[in-house]
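J.: Listed below, chain by chain, are the residues.
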Amino acid sequence: MSSPRDVVITGIGLVSSLGEGPDGHWQKLTRPGVEPVLDATRFAPYTIHPLPEIDWNLQIAKRGDQRQMETWQRLGTYVAGLALDDAGIKGNDELCATMDMVVAAGGGERDEAVDSAILAASESRNDRDVLLNEKLTTELRPTLFLAQLSNLLAGNISIVHKVTGSSRTFMGEEGAGVSAVETAAARIRSGQSTHVLVGGAFQTEHSDMLLGYELAGYLHRGPWRPVWQRQGAEGGGVVTGSGGAFLVLEQREHAQSRGRKIYAELGPVVSGRARRRRGELNADIAALLKQAALPAGELLTISGASGAHAATAAEKVALDANPALAVRAFSTLTGHMKEAQFPFAVALAALAVDRKAPYPVFDATVEQPFEGAPSSVLATAIGYHQFEGLGLIKAA
Amino acid sequence: MANLRDHMGRPIVAVTGIGVVTSLGVGKADNWAALTSGKSGIHPITRFPVDHLNTRISGMVDFLPSSSKGASPLTYELAETAAQEAVSEAGLDSGDFGGPLFLASPPVELDWADRFSLYNSDKKESGSERLLRVARGLKELGIFETTQFGSIADRLADRFGTRGLPITLSTACASGATAIQLGVEAIRRGECDKALSIGADGSATAEALIRFSLLSALSTHNDIPEKASKPFSKDRDGFVLAEGSGALVLESLEAALARGATILGIMRGCGERADDFHRTRSKPDGSPAIAAVRAALADAGLSEDEIDYVNAHGTSTPENDKMEHLSLSTVFGERIGSMPISSNKSMIGHTLSAAGAVEAAFSLMTMRESVIPPTINYDNPDPAIVLDVVPNKKRNAGVGTVLSNSFGFGGQNTCLVMAREPV
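Line by line, the protein sequences are chains A and B. The opening residue of the first sequence carries number 52 in the working numbering; numbering runs sequentially from there. The opening residue of the second sequence carries number -18 in the working numbering; numbering runs sequentially from there.
Worth flagging that the hints you see were computed from the coordinates, not collected in a lab. Be a bit skeptical, because a hint or two may be false.
Unchecked claim - List time: in silico DSSO-like cross-link candidates among lysine-lysine, alpha-carbon distance up to 27 Å: (1) B/K264 / B/K20; (2) A/K79 / A/K407; (3) B/K215 / A/K213; (4) B/K264 / A/K113.
Kindly generate the complete structure, drawing on both the sequences and the hints.
T.: Have a look at this one:
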């Protein structure tokens, strides 16, 4: 039974190493045997999935705005623009001014040259705190701080795209993306919001972004392998990718009244915080699967599995326990996009529902075929280190 | 019998526990005593050398065990300390809170002390290659966790037994208010009957200070630190970087009354509006801040005439105080000249991610104690800003309702309306 306050998806913005936009991703991802775009040399011994060529001008008209951002904020602002365009909201002053926004964000890029120079100097100085003051006061670009602040991705989206109803930034890796979608959906269901922009972006092509994983040894090293085949390989299993995903979530009645195409309905979104050191993750994922009220029968499942050994193994056990789930781990083809991981999974799920077609297996040795038109698709994001969530996307 | 539903039919949200830490001390009692006697917590920086720095004062919290251990450990300790006070006051089990957690905290980064020690633990290669190689050889997770944006909330969730996936958020200098707003909204939507909202910020590192300094945001009145933060004064020259935390236990009034809890105040309304003008400056007509104040009043179901006192954002920057005056005078009209409006930041500085929560805590105490804390250092009024700032000395006054403003970089504007009593 549909209700006027259902949450529906009316806009999708995507960028990954595979390209941009829902069509671009659909075409690539439904081509059997599509190869990932990899760069194994720039950050060796780590492999990454790099950004595709992007003409920033297409979504960020003012060069001045582009200059105020580093790549992460530019990317997020660009992907948000794609989603707004797709939903027919971009440039509509009234819809933008009443639109709420929840962005899942980490931090922006530091100035690597300044940092490296300070570190190099620290080898021959004992007064490192003074060294820091000396270098940072003279060498930091004043506005770089704004390009680093987590909430300034949302700030730039407000400035560039005029989304000003409200602006909230959630932090906390994949969990931030889950909470952002969950909160946006709850706002719509309760009547607090009619339309919400939600999503995130991750720019991995910066050493600090790799360091954020590698301080716990999470990155995969050596030859690239699909997400499910990294257990036992050198390193921690995560291969990162640059990219982003934004969704326009809308109250069904609001979308219908303005005559918009609806990709899919966003059903239950559930989240959890397993105490993983106590071994709770398997049981927690199983409990989330129960809460998500999965339909009977075969279910296409878009997994945000990162490849991180423990989390990915736990997810596989939990998903394998339900033989009806036909799993597709998209990070095999895009790399792990951290805060954007869950919005990306939801977007791919919505596309499959909309196109009434499944994705072929991304890893033929592990993933099971799926035939027919999926009327519901499950999306997962089990954090590489902490936090987990699921969402069920249904035919509109 | 109080109404249990507000003017829009939503559950009324009560405050049943309050906790606070600032440079003035730990806990409500010490903070309130200092705040109402006009005492400043601003002092010379001793945590790191101040060579080459234009600003050498702050409102850092230097008296906790984690004060010298880096931004993440200190932010955690600030949050935990305030939350413990709030949960205890609420009479709830501090290991099994049973509601969601909303944490406003600063974005995290690898601390320079750790960066230096990792880098200098090896000699091979240089720059990021060396850091990455050393990183993957680490045998424990301590440093890693300081770089994960969700880790402080994860630890707090363990410590207090909060429910579900904790939300860590940043809306810059409005973060603390947003954490409260998220808790209020979750209760109003019926998702929970209680929530723990915390704003905590222990990120006053040398790099943070330098970053704000490069944006010309900080006061450089170093000579008499306690006089540096002077909101609404003619010679105000920037904010004073500070640390602190505020925590509120929020409960549906119905649940709070049912368990016989003491009602410390009511969260009447929240309003927000993003600004699309500039990354650090407000739209010249103040329209986003005006809209945020009006949205909060509408959400609270109160008219402009029904606000007794404004707890100002009042940062002491030339821009903020001018814009806040413009916004308030637009909303409140002629009445603005006679309404008490004071800035806690004159004494505690700007606690950034914590500010909205710290100032909500003080707003609630203002109503409970019938005492308005002053705006200190108001010796040289800005003639362009005609406000009753409760200059220099506390004022005894019955206060039934408060508007608390929070405005931040990135166009963030969030306002809270609180009341002493249920309707």
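J.: If a hint holds in the structure, say so; if it doesn't, say that too.
T.: Evaluated hints:
For the hint linking B/K264 to B/K20, the alpha-carbon distance of about 34 Å lies beyond 27 Å, and the restraint is violated. The hinted pair formed by A/K79 and A/K407 meets the criterion: a straight-line CA distance of about 16 Å does not exceed 27 Å. Taken as a hint, the B/K215 and A/K213 pair is broken in the structure, with Cα atoms around 34 Å apart against an allowance of 27 Å. The straight-line distance between the Cα atoms of B/K264 and A/K113 is roughly 18 Å, inside the 27 Å bound, and the hint therefore holds.
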